[in-house]
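Undergrad: The primary structure of each chain is shown beneath.
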Amino acid sequence: MSEQHSSPNQAASAAFEAEIQMPSIEHPLREAARMFARNKAAVGGLILLIGILLLTLVVPFFYTVDPFDLVWAPLSPPGTENVPFGTDYLGRDILAGIVHGGRATLAVGGAAAILAVIIGLSVGSLAGYYGGWVDEVLMRITEFFQVLPTLLFAMVIVALFKPSVATVAFAIGVVSWTAVARLARSEFLRIRSLDYVKSARSIGSSNRRIIWLVILPNAMPPLMVQATLAVGGAILFEAGLSFLGLADPNVMSWGFMIGSSRDYLMDAWWTVTIPGIFIFLTVLAVSLIGDGLNDATNPKLRER
Amino acid sequence: MPERLLEIEDLRVEFKTRDGIAKVIDNLNISLQTGETLGIVGESGCGKSMTALSIMGLVPIPPGRIAGGRILLDGEDLLQASEPRMREVRGNEISMIFQEPMTSLNPVYSIGDQIAETARLHEGLSRADAMARALEMLRAVGIPAAERRINEYPHQMSGGMRQRVMIAMALACKPRVLIADEPTTALDVTVQAQIFDLLNDLKEKTGTAIIMITHDMGAIAEMAQRVVVMYAGHIIEQADVGQILTDPRHPYTQGLIRCVPHLTQTPSVERPPLLEIPGVVPALSQLGSGCSFAPRCQYADAKCRAEMPPSTAIDSGHDVACWLTEREAAA
Amino acid sequence: MSANDDILLDVANLKVYFQLPRKNFLAKASQVHAVDDVSFQVKRGTTLGIVGESGSGKTTTAMAVMRLTPVTEGAMRLGDTDLVALEGEALRQARGRMQIIFQDPYSSLNPRVRAGAIVREPMDLMNIGAPGERDARVAELFGKVGLRPEQQALFPHQFSGGQRQRVGVARALATQPELVVCDEPVSALDVAIQAQILNLLRALQQEFGLTYLFISHDLGVVQYMCDEIAVMYLGQIVEHADRIPLFTEPLHPYTWALLSAVPSADPVAREQADRIRLEGDPPSPIDLPPGCRFASRCPFAQALCVQETPPLRRIRAGHAVACHLVSDDGVPPQRQS
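Chains as they are written, first to last, in this note's numbering: chain A, 4 to 307; chain B, 5 to 335; chain C, 2 to 338.
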């Protein structure tokens with residue numbers, strides 16, 4: 004059923020006709036940047052993320068209201084004088100919470116996701132590449148972490164140490180790497196049996212080179228998606244821990260805001276919806292960027 | 005006088021692609037008689053598999069579109085038939101076996117169930133009758149210990165056995181036309197020989213006509229009585245198998261036969277370079293007005309590049325679409 | 002076979018066994034005897050073909066020679082180098098002397114690397130030639146395999162199947178290897194493209210004096226390409242002969258069956274063909290019984306055949322066969338009819 008003419012043939016025969024000269028090859032990073040810039044959704048995501056970073060890193064210097072101060076009447080709706088996003092059940096300024104709580108949220112989400120990807124990728128790639136007893140052992144360990152109730156396990160970790168941004172990030176990272184590991188393993192298993200990997204070995208590539216420079220780039224598309232999901236998942240996880248009152252009570256975060264106002268969802272929607280929207284926007288931005296990065300580094304999507 | 009079982013008249017199939025409309029099949033005319041094996045040969049992308057899908061009514065629409073023509077089975081135009089009617093035709097009157105026996109069987113049902121399914125669906129047999137039919141079919145396709153094998157699952161069988169099961173399934177309702185799309189490409193030669201013998205045997209016993217799609221001239225020689233050579237959606241030559249093999253007229257047919265090193269019992273010490281057909285099959289959306297083979301043809305001249313040659317009868321039952329035959333006639 | 006330096010590759014009693022995972026804790030572990038006691042030599046500048054059906058062990062043999070699969074037992078020498086003993090850096094360096102062309106041009110090239118870089122990479126890794134001269138060498142190789150220099154900038158998916166196989170050939174030649182293993186190099190290509198690659202391989206062999214180990218299931222291709230041919234069945238060589246005698250006077254019943262199973266486009270040959278139709282499929286190479294492995298499908302098999310494994314015997318110069326029923330002066334088993 005190859006009647007629909009495959010584009011490889013076309014591209015090649017088009018190259019045949021046009022007697023082009025040796026084109027100068029762009030630096031891969033510049034080329035990837037150029038491809039990324041062409042992707043409207045990805046650029047949108049990048050702008051959105053920059054906006055969120057500005058909001059959480061720069062704006063706090065100008066909007067200096069303490070998010071823990073009781074500044075206005077409790078449960079004032081958005082649009083009320085002086086508190087554009089309204090207040091929560093104690094009369095704390097929600098705008099201040101958004102502005103000052105973003106830092107902790109992003110730090111926990113980012114650090115936890117990076118930790119999860121590092122652990123998951125290391126475990127999965129080694130298991131998939133070497134197979135045999137390495138695979139056996141690593142996969143048993145992975146399964147052990149998988150069957151643990153993640154929230155409970157994270158709660159134990161946080162409870163054992165002092166709740167802080169670092170311990171929360173660590174706890175989330177340690178419980179959420181298994182999905183990355185399983186995916187990395189299956190991709191490595193698939194790709195390591197392809198002929199171009201055999202070819203890499205037959206020209207004397209080391210195992211390290213094959214893992215990092217041959218297999219990993221080809222395993223990237225699903226892993227990139229998984230990594231962006233991990234960022235979103237970590238932010239939501241942090242919200243969950245805060246919701247249960249396990250995060251550092253002295254640090255404002257978006258998850259903490261949702262958690263503390265959970266009882267007022269029906270009466271004062273804005274107390275949970277507004278931080279929820281910001282979490283949503285952050286996850287959206289990260290996944291758009293992840294998608295764009297993936298497309299930008301995939302030569303098959305680069306035609307024309 | 006053998007009856008004309010299946011007739012394809014002026015069939016045209018188009019596909020919408022990023023680069024415009026691709027004429028996947030253009031002006032195809034084929035007729036098939038009862039008890040005959042027709043071979044369709046060509047490289048991948050020449051339209052041979054799409055021809056089979058058109059007959060089965062399985063062209064994916066969209067992006068595909070039947071742009072014209074008729075496919076007559078006993079005078080009934082299948083292109084006009086309703087979908088329920090086509091479901092009746094498929095598997096019952098026309099059935100098909102595919103290249104890949106590994107993926108064409110459902111791994112979660114026993115092979116007996118899968119064969120019986122066809123018979124129950126089309127002939128409304130009871131479960132017991134259908135299983136009896138399945139057993140009979142497994143025996144007919146030469147599966148040893150059929151009573152035991154009927155309860156086995158596809159993964160328990162070898163490639164050759166699975167292809168036999170596929171054939172048993174295809175023949176369960178005694179179809180009048182069997183389409184075999186590269187049925188042995190995935191199999192070893194000794195197993196291929198068994199499958200060819202089996203198909204020839206069954207054809208003799210049941211009178212089922214076979215359309216055999218392949219790229220292997222040897223397989224054509226072994227199986228077919230008539231041969232259609234396709235290139236870029238067109239029939240470029242059509243003749244009896246003997247005429248094609250001994251006196252191929254179209255340069256593409258000549259190339260297809262001579263570019264493969266054929267096994268011989270009398271190899272010579274000298275090994276001259278093989279004949280090459282340069283280049284690749286053109287993209288269908290990029291075809292010009294001329295002969296589609298002209299860019300790869302060593303004899304092509306201005307006329308070839310400008311105008312599509314019509315199909316001309318040069319001998320009884322031997323049609324060629326090439327300006328060369330006209331040039332030769334004039335000379 | 003007089004002068005020893007004539008022989009580039011010498012494989013002796015090669016065995017490659019794979020352990021199958023146990024079905025449960027109590028079950029005995031099964032072994033796949035993928036290659037079982039195979040010996041052959043390849044003379045410098047010639048082509049040895051290994052033919053066989055799936056499961057015959059021909060590809061595993063090639064992978065063992067390339068040291069891409071673990072060798073269970075046996076000796077392999079490339080020139081003066083003991084291939085089996087090599088490890089680490091020494092193995093890495095030796096890899097440059099032998100290269101492989103793969104069957105599937107779609108999975109043998111890394112989709113994320115440009116064609117030019119694919120061909121250059123072996124030179125960088127093996128440190129062949131001055132770095133400044135490597136680009137020129139890549140361009141030269143592109144020319145040799147019939148690609149144009151500007152196509153170096155393309156990615157694999159932008160080539161047709163035949164062109165991709167040309168890139169694979171150029172990559173294999175980049176290290177100036179002595180031995181090139183061709184693992185079914187044309188069986189994934191369209192018929193009309195196969196001739197292009199076969200002609201190219203022959204031309205390159207003549208130009209560079211290459212030695213090929215040519216793996217194929219296609220007897221027509223093997224007959225055209227190879228100077229000597231070894232026929233494998235279930236992990237063993239059953240017949241090994243020079244090109245012409247293998248096809249004019251095959252001795253092993255399996256070779257006959259294989260030859261007669263190939264559909265011929267020549268009507269005369271088909272009429273004369275001495276047909277042997279085999280029943281069933283080759284048995285699986287797991288936990289094999291003693292005796293000749295072909296005995297279960299052989300129309301001539303006798304009691305001796307299922308008791309004793311026939312050794313590969315030299316019948317005459319350039320012709321060896323592993324069959325009890327072939328007499329010492331080369332009379333094949335006779336048909337009872």
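If you're looking for bench data, these hints aren't it; they were derived computationally from the structure. A few of these clues could be false.
As the list claims (entries may be wrong) - Only some residues are given here: those of chain C computed to face chain B with a beta carbon under 10 Å:
hint, residue
1, 191
2, 209
3, 255
4, 325
5, 328
6, 331
7, 335
Said to hold, decoys possible - Straight-line distance between alpha carbons at most 30 Å, and here's what the computed DSBU-like set of lysine-lysine pairs gives:
hint, chain 1, residue 1, chain 2, residue 2
8, A, 43, B, 27
9, B, 209, B, 27
10, A, 303, B, 307
11, A, 201, C, 145
12, C, 145, C, 44
As the list claims (entries may be wrong) - Pair ranges (Cβ atoms, derived):
hint, chain 1, residue 1, chain 2, residue 2, range
13, B, 149, C, 307, 53 to 61 Å
14, A, 212, C, 204, 28 to 36 Å
15, A, 159, B, 20, 38 to 46 Å
16, C, 32, B, 202, 27 to 35 Å
Cβ coordinates follow ideal geometry from the N, Cα and C atoms, glycine included.
Undergrad: Looking at the structure, which of the earlier hints fail to hold?
TA: 2, 4, 5, 6, 7, 8, 9, 10, 13, 15
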